[in-house]
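Use these hints to put chain B onto chain A, whose structure you have.
Here is what each chain is made of, one letter per residue.
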Amino acid sequence: MTCSHGRTNPTAQTKLRLFADSGGYCQRPNCRRRLFSDEGGKDYHIAEMAHIFAATNEGPRADTALSESERSAYENLILLCPNCHTEIDKAPDIFTDQMITEWKNSHVLTIKNILGVAQLSSRDDARNFIKPILRANKLIFEQFGPDNDYSANPEAEEAYVWKRKMLSQIIPNNRKMILFIDANLHLIKDDEHETVELFRQHVDDLIHRHIGDNENVASRFPSEMNNLFEG
Amino acid sequence: MTARDWLIGILNETPSVISATPIENDFIHVHHKNNHHNVEYPPFTMAVISTQLVNQEALEPLLNRQDIQFVCNIPKASLWAGSAISTLDDRNIGWGGVGDLTSAMQGGNVSGFKQRKYRFVERGLQQHSRVSGLTPHYDTLIEIERYNLPPITVALIYAYELTVEHVRHAIDTYGDFSIILNTNPNGNSTTAATDLAKELNIEIFKWGAFLGRLNKR
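Residue numbers (the numbering used here), protein chains in the order written: chain A, 1 to 231; chain B, 1 to 217.
Since the hints were made in silico from the structure, they are not lab data.
If you're wondering where the values come from, they're calculated on a predicted model, not measured in any experiment.
All residues carry an ideal CB built from backbone N, CA and C; glycine is no exception.
Where hints are given, some of them may not hold.
[Claimed, not checked] Which chain B residues face chain A? A few, computed with CB under 7 Å, are given here:
| id | residue |
| --- | --- |
| 1 | D90 |
| 2 | K117 |
| 3 | T183 |
| 4 | N184 |
| 5 | P185 |
| 6 | N186 |
| 7 | T190 |
[Claimed, not checked] Pairs of lysine-lysine, BS3-like flavour, derived with a Cα cap of 30 Å:
| id | chain 1 | residue 1 | chain 2 | residue 2 |
| --- | --- | --- | --- | --- |
| 8 | A | K138 | A | K15 |
| 9 | B | K114 | A | K163 |
| 10 | A | K138 | A | K189 |
| 11 | A | K176 | A | K163 |
| 12 | B | K206 | A | K138 |
| 13 | A | K163 | B | K198 |
| 14 | A | K176 | A | K138 |
| 15 | A | K138 | B | K76 |
| 16 | A | K165 | B | K206 |
| 17 | A | K163 | B | K76 |
The shape of chain A in the complex, shown without the other chains:
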């Protein structure tokens, strides 16, 4: 489990925390390989503690200013499967410290949100969960959105209200709906999957537009979402 690019001396507490935060899965977003196995009746794990900044001054993503204790600290470690650990250390220019830190933070957040998301057994219940959230977002859009008359005025103050509500309500509501849908995919009908994926892209575009670099055009809200889980 130690990193081949230098010794790691995390405390027992740090190890516990790393494992707990991983939920038992590789923390790379498009991997998420299970780190524990009981294949063939043998109980073992394949987890590896990988350094974000290298354990040594010669390792990948080295930061010579870090002390040994900082290199071994929880903040500088991520739990990965052997493949992902090898990969990030072979290509540190691609797998930067910012990227790896974002993986870790996102993984922790995902687990936290999943634990807070109900898994329901009926479409009616799912509909009852999602309907008020859709309604709230729709009201904000209708009252403050960019299609309103105020938008003829380039210095309209309503634009600031729209932006604020987008960040404080619409985007968080959308994230909540995505998490809920992902936890209740078993209730999604075949002909709703495309709508869900269009919505996911719409949410991603919204986040990028209002919080990120806004480099590209954003997709529209798929109107079929208003009927999700109906019937």
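Just chain B now, kept in the frame of chain A:
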């Protein structure tokens, strides 16, 4: 169905309109009220046109009537030539699209009403301390004269997402200008649009930053 008759249909379905009746080929006599206070406004006569470019030639047949108070051009994407704007403003005739007509009617008096997007920009520029004069070549292309600084020509684009296509379309339509002003208060420019504009020595601004730009060479 003519554009005029189409608009009559729309107006007669508008709650604040008491009646909208046709006059000759291109005109409508409108009687409307304030719904909240149930007060009737003075009736007015308006002209209806449907053209991509509102210029002197398009206006001439209409302006023989002396009682016109509003000219409504139906297509949303159209240009109003600077000369047409001047003519209408000189005669205190309101002008704009269907949405502008509705806004004008809400205020009671449609005379002198200017297309909303143009009006906001014109007012803001007239109040700017560096601006000495405005010459609209179109409602969306304005030459701005400035005190102690050379004039600049600004293309107004109203875009939620200002793209490469917007930039290229503006160049095709207007030719030479140095600034694009995105008048949509919620609008942003894509990175590709910003990069293209930079290559072509065109600056892109939102309103607030544009006001500051007016103070610089």
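Comparing the hints with the structure gives:
Checking D90 of chain B against chain A: minimum C-beta separation of about 24 Å lies over 7 Å; hint violated. The interface hint given for K117 of chain B is met, as the beta carbon of that residue sits about 5 Å from the closest beta carbon of chain A, less than 7 Å. Evaluation of the T183 of chain B hint against chain A yields a held restraint, the C-beta minimum of about 4 Å falling below 7 Å. With a least beta-carbon distance of about 6 Å to chain A, the hint placing N184 of chain B at the interface is held under the 7 Å criterion.
With a least beta-carbon distance of about 4 Å to chain A, the hint placing P185 of chain B at the interface is held under the 7 Å criterion. Of the supplied interface hints, the one on N186 of chain B holds, with its beta-carbon coming within about 4 Å of a beta-carbon of chain A, less than 7 Å. Taking 7 Å as the C-beta cut-off, the interface hint given for T190 of chain B holds, the closest approach to chain A being about 6 Å. For the given pair, K138 of chain A sits about 45 Å from K15 of chain A by alpha-carbon distance, which is inconsistent with the 30 Å threshold.
Proposed proximity of K114 of chain B and K163 of chain A is supported: the alpha carbons are some 28 Å apart, at most 30 Å. For the proposed pair K138 of chain A and K189 of chain A, the alpha carbon gap of about 23 Å is at most 30 Å, so the pair holds. A threshold of 30 Å between alpha carbons decides the hint, and for K176 of chain A with K163 of chain A the separation of about 19 Å falls inside it, so the pair holds. With a CA separation close to 27 Å, the supplied pair K206 of chain B and K138 of chain A stays within the 30 Å bound.
The straight-line distance between the Cα atoms of K163 of chain A and K198 of chain B is roughly 27 Å, inside the 30 Å bound, and the hint therefore holds. Our distance criterion of 30 Å between C-alpha atoms is met by K176 of chain A and K138 of chain A, whose separation comes to about 15 Å. Our distance criterion of 30 Å between C-alpha atoms is met by K138 of chain A and K76 of chain B, whose separation comes to about 26 Å. Distance hint between K165 of chain A and K206 of chain B is fulfilled; the C-alpha atoms sit about 21 Å from each other, no more than 30 Å.
At roughly 26 Å between alpha-carbon atoms, K163 of chain A and K76 of chain B fall within 30 Å of each other, so this suggested pair holds.
Hint check: violations occur at hints 1, 8; the rest are consistent with the structure.
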